[in-house]
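Those sequence lines, one after another, are chains X and V.
Those letters in the first sequence? Residues 1 to 350, by our numbering.
Those letters in the second sequence? Residues 1 to 350, by our numbering.
Hints are computed from structural coordinates only; laboratory data are not their basis.
Hints are supplied without guarantee of correctness; some may be wrong.
One copy or two, it doesn't matter: identical chains are merged, so the pair holds either way.
Said to hold, decoys possible - With a straight-line Cα cutoff of 30 Å, these simulated DSS-like cross-link-like pairs (lysine-lysine) come out:
1) Lys40 <-> Lys308
2) Lys265 <-> Lys297
3) Lys206 <-> Lys99
4) Lys308 <-> Lys29
5) Lys99 <-> Lys298
6) Lys265 <-> Lys124
7) Lys29 <-> Lys349
8) Lys214 <-> Lys125
9) Lys206 <-> Lys349
10) Lys298 <-> Lys43
11) Lys99 <-> Lys124
12) Lys214 <-> Lys99
13) Lys349 <-> Lys297
There are 2 protein chains.
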Amino acid sequence: MTLFTIGPVEMFPEVLEAGKIQPPYFRTKEFSDIILNIEKRIKKMIGTNEASRLAILTSSGTGAMEASVMNVFNENDRLLIINGGNFGERFRKICELHKIPYDTLTLNPDEKLGANHFLPYRNKKYTGILVNIHETSTGQLYPIDIISNFASENNSLLVVDAIGSFLADPYAMDEYDVDVTIISSNKGLASGSGLAFVVVNTRAYKSILNNNVKSIYFNLTDYFVNIERGQTPYTPAISVLLQVEEHLKIVENMGWDAYMEGIEKRAEHFRASIDRTKYDIPNYNLSNMLTPIFPIKKNAIEIYQTLKHDNNLILNPSGPPHSNSMLRVGHIGNISDSSLNLLICLLNKI
Amino acid sequence: MTLFTIGPVEMFPEVLEAGKIQPPYFRTKEFSDIILNIEKRIKKMIGTNEASRLAILTSSGTGAMEASVMNVFNENDRLLIINGGNFGERFRKICELHKIPYDTLTLNPDEKLGANHFLPYRNKKYTGILVNIHETSTGQLYPIDIISNFASENNSLLVVDAIGSFLADPYAMDEYDVDVTIISSNKGLASGSGLAFVVVNTRAYKSILNNNVKSIYFNLTDYFVNIERGQTPYTPAISVLLQVEEHLKIVENMGWDAYMEGIEKRAEHFRASIDRTKYDIPNYNLSNMLTPIFPIKKNAIEIYQTLKHDNNLILNPSGPPHSNSMLRVGHIGNISDSSLNLLICLLNKI
Numbered sequence: 001m002t003l004f005t006i007g008p009v010e011m012f013p014e015v016l017e018a019g020k021i022q023p024p025y026f027r028t029k030e031f032s033d034i035i036l037n038i039e040k041r042i043k044k045m046i047g048t049n050e051a052s053r054l055a056i057l058t059s060s061g062t063g064a065m066e067a068s069v070m071n072v073f074n075e076n077d078r079l080l081i082i083n084g085g086n087f088g089e090r091f092r093k094i095c096e097l098h099k100i101p102y103d104t105l106t107l108n109p110d111e112k113l114g115a116n117h118f119l120p121y122r123n124k125k126y127t128g129i130l131v132n133i134h135e136t137s138t139g140q141l142y143p144i145d146i147i148s149n150f151a152s153e154n155n156s157l158l159v160v161d162a163i164g165s166f167l168a169d170p171y172a173m174d175e176y177d178v179d180v181t182i183i184s185s186n187k188g189l190a191s192g193s194g195l196a197f198v199v200v201n202t203r204a205y206k207s208i209l210n211n212n213v214k215s216i217y218f219n220l221t222d223y224f225v226n227i228e229r230g231q232t233p234y235t236p237a238i239s240v241l242l243q244v245e246e247h248l249k250i251v252e253n254m255g256w257d258a259y260m261e262g263i264e265k266r267a268e269h270f271r272a273s274i275d276r277t278k279y280d281i282p283n284y285n286l287s288n289m290l291t292p293i294f295p296i297k298k299n300a301i302e303i304y305q306t307l308k309h310d311n312n313l314i315l316n317p318s319g320p321p322h323s324n325s326m327l328r329v330g331h332i333g334n335i336s337d338s339s340l341n342l343l344i345c346l347l348n349k350i
Numbered sequence: 001m002t003l004f005t006i007g008p009v010e011m012f013p014e015v016l017e018a019g020k021i022q023p024p025y026f027r028t029k030e031f032s033d034i035i036l037n038i039e040k041r042i043k044k045m046i047g048t049n050e051a052s053r054l055a056i057l058t059s060s061g062t063g064a065m066e067a068s069v070m071n072v073f074n075e076n077d078r079l080l081i082i083n084g085g086n087f088g089e090r091f092r093k094i095c096e097l098h099k100i101p102y103d104t105l106t107l108n109p110d111e112k113l114g115a116n117h118f119l120p121y122r123n124k125k126y127t128g129i130l131v132n133i134h135e136t137s138t139g140q141l142y143p144i145d146i147i148s149n150f151a152s153e154n155n156s157l158l159v160v161d162a163i164g165s166f167l168a169d170p171y172a173m174d175e176y177d178v179d180v181t182i183i184s185s186n187k188g189l190a191s192g193s194g195l196a197f198v199v200v201n202t203r204a205y206k207s208i209l210n211n212n213v214k215s216i217y218f219n220l221t222d223y224f225v226n227i228e229r230g231q232t233p234y235t236p237a238i239s240v241l242l243q244v245e246e247h248l249k250i251v252e253n254m255g256w257d258a259y260m261e262g263i264e265k266r267a268e269h270f271r272a273s274i275d276r277t278k279y280d281i282p283n284y285n286l287s288n289m290l291t292p293i294f295p296i297k298k299n300a301i302e303i304y305q306t307l308k309h310d311n312n313l314i315l316n317p318s319g320p321p322h323s324n325s326m327l328r329v330g331h332i333g334n335i336s337d338s339s340l341n342l343l344i345c346l347l348n349k350i
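With the rest of the complex left out, here is chain X (with noise of 0.2 Å):
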């Protein structure tokens, strides 16, 4: 099996090594230092300084989504949500769940999010934007720059769901004035899933602290407080921080520049190889991290079925609207120059 999916993804065989070694207490020193460390590289890759806080969850993505707004805001805010997916779509119904008043600048399926969609939005004092980066239902890789522009100009704290971008496209979490950064661990991080990260600057921090959260297990807080001493609050993912350190070094010494450079690479390649009689790509901007193909004559779940079933190559299948229009390819992780090659041949005879 090779999987071509964004989460999980193929995984480098150190990391591999790293989930098989016995999971040590974690009320140690010893592994104080492990999370220190973790939270030193992860700070740095995210593009932040010092001061900002990161939070280790054992949750999902979605877990971390969750808490951050929770944690961030409350009824006294008005938000503003990019919603032109499905994950654009978990933020509303988490802000409509926490009765937390938003707006929602919502987009076509196919429609590229530029400065003019914001036109109508301005100066209505919104106290937080909340985005989805890379919208990975869609593929599409959102104006960091236009955002980020919104938000200063409407003094919003703006929120960044990185998951399906972090380290596989550019990010600099301090040079985009971004406030709050989510990610999680099995995507960029190419590790285990079970856990999410939650980064925030000393802006929001202050809105954090001012506020209210009406849950134990999700309260940053007390995460904030504990990674002081290189700890969690509740019993972390032990064996996938240890992936995760074994990722981060990985990236570490191959440089970053060349890690985030193969990446792109790939997804150009395959870009630029698939055939354009047989496949649409969005017109939209795309991350790294990932290619949506529209089969034009043919069934998506079916070639999904086909490439599991004769070659064992895993595709990343959409759920709705596009179940049956369109596959996902995911770029990241450790996968050879021949498994994606292999994949373009396949899907080109299809």
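Following the hints, put chain V in place on chain X, whose structure we already have.
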């Protein structure tokens, strides 16, 4: 290093190997079959029937404790919480935060829970009872029959956190009239940390359906709906699920009785062998999962440090108020007779 801790615990070789496998894509029939198999086995081992529902949460045990309370109860309920240590206190904090009315039956650190403790709480119309059947912070295993009788007399929903007891002590959810049982992956199931399980019977399920849960991530109904097709609503900790499957196989192959007897014998052997002129052991009922020991002349943390540094044996230190006075020795997981005898020998020499 040998872990005499109670989460993480020493994992069996087959379970460690499962952690090394490349996590498969999980939205497939094959992975659904694994989940459905785990569901079947956990229900059987927890002693409930097929009509009960299982939620597989990617979180620590605390996440599942909070999820259970939030989903089953609301501000119209009135709960009795057995509070005899840190985990009883955690249930209290959860109810306090979620504004669910409660009384606490509070025990002194060395007090044994008996039927008399319940006399002042009779006929008070409790709609629910919350108990950590093994209060892991003190080691006390509470008498389930007394608690269950009290719950039945009051027609209360009985919520049992069995995190520190499942697969070490006898447990039979249906026989004890337990409505909700909470367990986690890294204790009796001797797998990696990151997953928690909530089993609810049809009575508790009705309460959940009639409730408004203010959480997307911890909405148990979503988990119950998804598990019908062998899935979870959000990406689970895939590798931990594979490890749990492996451990359940070990238990089945060894025979459940033989497996449980092994842990019981280990606990009995330790308790019979430890030098009582040097260590006190509490007089209340103990779980087979761990033995708390109170060094009479030495400081507990110093013993922990010595065993760790000189012998690579890790005991479970205790949180306040017992940090300096109590250590806990776990008996679950893949502990060999020779490691256990070495530990006993060293402890008796100190």
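Now the hints, each set against the structure:
| no. | hint | verdict |
| --- | --- | --- |
| 1 | Lys40 <-> Lys308 | between (39 Å within a copy, 27 Å between copies) |
| 2 | Lys265 <-> Lys297 | within (28 Å within a copy, 66 Å between copies) |
| 3 | Lys206 <-> Lys99 | both (21 Å within a copy, 25 Å between copies) |
| 4 | Lys308 <-> Lys29 | between (45 Å within a copy, 12 Å between copies) |
| 5 | Lys99 <-> Lys298 | neither (43 Å within a copy, 55 Å between copies) |
| 6 | Lys265 <-> Lys124 | neither (41 Å within a copy, 69 Å between copies) |
| 7 | Lys29 <-> Lys349 | between (56 Å within a copy, 26 Å between copies) |
| 8 | Lys214 <-> Lys125 | both (25 Å within a copy, 26 Å between copies) |
| 9 | Lys206 <-> Lys349 | neither (56 Å within a copy, 53 Å between copies) |
| 10 | Lys298 <-> Lys43 | neither (44 Å within a copy, 42 Å between copies) |
| 11 | Lys99 <-> Lys124 | within (18 Å within a copy, 34 Å between copies) |
| 12 | Lys214 <-> Lys99 | both (13 Å within a copy, 10 Å between copies) |
| 13 | Lys349 <-> Lys297 | within (12 Å within a copy, 78 Å between copies) |
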